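Undergrad: Chain by chain, the residues run as shown.
Number of protein chains: 2
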Amino acid sequence: MILTVTLNTALDLTHHVPALVPHTSHRVTSVTERPGGKGLNVARVLAALGYETVVTGFAGGPTGEVLRGLLADLEASGGTAGPVPAGGLTDALVPVAGNTRRTLAIVDAATGDTTQLNEPGPQITPAEWDAFLVSYDELLGGARAVALCGSLPPGIHVGAYAELIRRARAASVPVLLDTSGEPLRRGIAARPDLIKPNLDELAQLTGSREPLTASAEARRRGAHTVIASLGADGILASTESGTWQACPPATLKGNPTGAGDSAVAALLAGLVDGVPWPERLARAVALSAATVAAPTAGDFDRGTYEALLPQVKVTEHPVHGVR
Amino acid sequence: MILTVTLNTALDLTHHVPALVPHTSHRVTSVTERPGGKGLNVARVLAALGYETVVTGFAGGPTGEVLRGLLADLEASGGTAGPVPAGGLTDALVPVAGNTRRTLAIVDAATGDTTQLNEPGPQITPAEWDAFLVSYDELLGGARAVALCGSLPPGIHVGAYAELIRRARAASVPVLLDTSGEPLRRGIAARPDLIKPNLDELAQLTGSREPLTASAEARRRGAHTVIASLGADGILASTESGTWQACPPATLKGNPTGAGDSAVAALLAGLVDGVPWPERLARAVALSAATVAAPTAGDFDRGTYEALLPQVKVTEHPVHGVR
Numbered sequence: 433m434i435l436t437v438t439l440n441t442a443l444d445l446t447h448h449v450p451a452l453v454p455h456t457s458h459r460v461t462s463v464t465e466r467p468g469g470k471g472l473n474v475a476r477v478l479a480a481l482g483y484e485t486v487v488t489g490f491a492g493g494p495t496g497e498v499l500r501g502l503l504a505d506l507e508a509s510g511g512t513a514g515p516v517p518a519g520g521l522t523d524a525l526v527p528v529a530g531n532t533r534r535t536l537a538i539v540d541a542a543t544g545d546t547t548q549l550n551e552p553g554p555q556i557t558p559a560e561w562d563a564f565l566v567s568y569d570e571l572l573g574g575a576r577a578v579a580l581c582g583s584l585p586p587g588i589h590v591g592a593y594a595e596l597i598r599r600a601r602a603a604s605v606p607v608l609l610d611t612s613g614e615p616l617r618r619g620i621a622a623r624p625d626l627i628k629p630n631l632d633e634l635a636q637l638t639g640s641r642e643p644l645t646a647s648a649e650a651r652r653r654g655a656h657t658v659i660a661s662l663g664a665d666g667i668l669a670s671t672e673s674g675t676w677q678a679c680p681p682a683t684l685k686g687n688p689t690g691a692g693d694s695a696v697a698a699l700l701a702g703l704v705d706g707v708p709w710p711e712r713l714a715r716a717v718a719l720s721a722a723t724v725a726a727p728t729a730g731d732f733d734r735g736t737y738e739a740l741l742p743q744v745k746v747t748e749h750p751v752h753g754v755r
Numbered sequence: 433m434i435l436t437v438t439l440n441t442a443l444d445l446t447h448h449v450p451a452l453v454p455h456t457s458h459r460v461t462s463v464t465e466r467p468g469g470k471g472l473n474v475a476r477v478l479a480a481l482g483y484e485t486v487v488t489g490f491a492g493g494p495t496g497e498v499l500r501g502l503l504a505d506l507e508a509s510g511g512t513a514g515p516v517p518a519g520g521l522t523d524a525l526v527p528v529a530g531n532t533r534r535t536l537a538i539v540d541a542a543t544g545d546t547t548q549l550n551e552p553g554p555q556i557t558p559a560e561w562d563a564f565l566v567s568y569d570e571l572l573g574g575a576r577a578v579a580l581c582g583s584l585p586p587g588i589h590v591g592a593y594a595e596l597i598r599r600a601r602a603a604s605v606p607v608l609l610d611t612s613g614e615p616l617r618r619g620i621a622a623r624p625d626l627i628k629p630n631l632d633e634l635a636q637l638t639g640s641r642e643p644l645t646a647s648a649e650a651r652r653r654g655a656h657t658v659i660a661s662l663g664a665d666g667i668l669a670s671t672e673s674g675t676w677q678a679c680p681p682a683t684l685k686g687n688p689t690g691a692g693d694s695a696v697a698a699l700l701a702g703l704v705d706g707v708p709w710p711e712r713l714a715r716a717v718a719l720s721a722a723t724v725a726a727p728t729a730g731d732f733d734r735g736t737y738e739a740l741l742p743q744v745k746v747t748e749h750p751v752h753g754v755r
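In the order they appear, the protein sequences are chains C and E.
Those letters in the first sequence? Residues 433 to 755, per this note's numbering, in order.
Those letters in the second sequence? Residues 433 to 755, per this note's numbering, in order.
Accuracy of the hints is not assured; some may be wrong.
Note that the list lumps identical chains together, so a pair holds whenever it fits in one copy or between two copies.
[As the list claims (entries may be wrong)] No farther apart than 20 Å at their CA atoms in a straight line, the calculated lysine to any residue pairs in the SDA-like style are these:
| # | residue 1 | residue 2 |
| --- | --- | --- |
| 1 | 745 | 682 |
| 2 | 685 | 456 |
| 3 | 685 | 504 |
| 4 | 685 | 455 |
| 5 | 745 | 606 |
Please keep in mind that the hints were generated in silico from the structure rather than gathered at the bench.
Fair warning: this is a prediction, and the values are worked out from it, not measured in the lab.
Please construct the entire structure, taking both the sequences and the accompanying hints into account.
TA: Below, the structure is given as structure tokens:
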């Protein structure tokens, strides 16, 4: 199975309003709730692609209960509402006393523009962190790959991802780190197999906005492979065996929410399938684009994915990353 | 006891952010949750003033559970965290299958300005409405006054308040109606003892923004007494025995959230205490002002209330309302 870790899970709420006007009152026309946090999004996509997936991290309080109820619905459906055979999604979240955070996306009906509000998350106690580590080590025993995703909740030390990476490496489980800021900086020093920053995150980490330079610097600091997401220009992969850029055939209109999580899912799937880098990258770009094109944020459109996959252009870069 | 009815209860969330900028992402710096909906706010103030209060209406789903948990905390504390003896607050909400709505207030830290998002509320089934009516009739048997507060959830017919007023009148329980729009228009035809519209609500009802004219028209349509709230200018009471205006001694700075609900609480308290109109109005104005001045939205500052009460200026208006 593939393990995804979401230490700061969330109940994602979406409020649709005619138009958001600050300092006025709004009638919400419709509300949706879904399990959230990057690792849960990655797991949902993996399960829909047919991969056995286990999610861990923390959940607690009334919002945690709602979150786990929604996950149970996904478990029952294999991560997809459609007729395509799907992998299982198993909830291995560790209970905590605090209340799982909410995130709120306020969507303007007229323009489709989104305003995002993210609660900070519950305070995690040292005993809860210890309980998580015991569970994590057990889960690593059955994992073919692990993804560490998103922000850290209050109470978790900033070097937490470095510790989780060391434990994964000790268990010989390949590890992908998808976070930002200080947790990313500390995490790459523990030598993760893969990081997937966007240009802002790379610039914050390395001081450079030039993708090749910044990726080389991130590799020098410890990341074995850097997959830099370039937005509409696709992704740039700096690996031990070469450097590739993969571009979508056209810029698709839609909602970019979840496109990065879909790319992570594709990279994990390609890793456990052992396919060559160019194919992994093509899958990541096609799945990202199919997520942007889907009507529901974070879902992907299977038809679009299959149509785009052979059209993604992957070019090897003449300048190889240097370690 | 005093009964308050809140058909569309809410879990009131407050998100504090540095500044709300549409179409960007925000880190929420702090989150608060409290039981909401006008009737629950009125009941909290009444309990803090020392009146036995029962709340009814609907609650359901995970947010309904959180709401009832917060109400249970209030029950245990008698509606106040302070050392002043307080009345009881009893939860007689009727369970429903749907999920109680949330309201979200987004507060800009810099300016204190608030942006409000109100979810529509759960669909109430005919069987749930029937169960409510059975419970409501029983509760009326022990009620000295009843307040019908706020909007109607989906599934409740627009004439619902008229029906509740007729049942209260049949049980000889004085009834205050605090709503707006079509539910107010339909409600006053059933001859409530008291309505408490603001100028916008009066104008929508009568077509006039002139308080005396609009109040007279609202009385002609069936309301025995009209207490028009004039914002910082206090309130205008058009009653069978005379017309009075009550003004606060000065305009207080603060958060007006809940000021109207505090006025309703004071009017109900004055009604069951049987005090003359000028004193009722003075209490309503002082309690509203003490709510504006309190640091937490919807709470009132007891010291401010007691200091303001003798300073409220109540003048009888030479033009009496005519029935």
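Undergrad: For every hint, state whether the structure bears it out.
TA: Quick rundown of the hints versus the structure:
Taking the closest pair of Cα atoms, residue 745 and residue 682 come within 20 Å of each other only inside a single copy of the chain (10 Å); across copies the shortest separation is 71 Å, beyond that limit. With identical chains, the CA atoms of residue 685 and residue 456 are at most 20 Å apart between copies only, with a shortest distance of 19 Å across copies and 30 Å within one. In the homo-oligomer, the alpha carbons of residue 685 and residue 504 never lie at most 20 Å apart, since the shortest distance is 32 Å inside one protomer and 49 Å across protomers. Within a single copy, residue 685 and residue 455 get their C-alpha atoms only as close as 31 Å, which misses the 20 Å cut-off; across copies the closest is 17 Å, which meets it.
Taking the shortest Cα distances, residue 745 and residue 606 never come within 20 Å of each other, neither inside one copy (27 Å) nor across copies (76 Å).
Hints 3, 5 from the list above are not met by this structure, while the remaining hints are.
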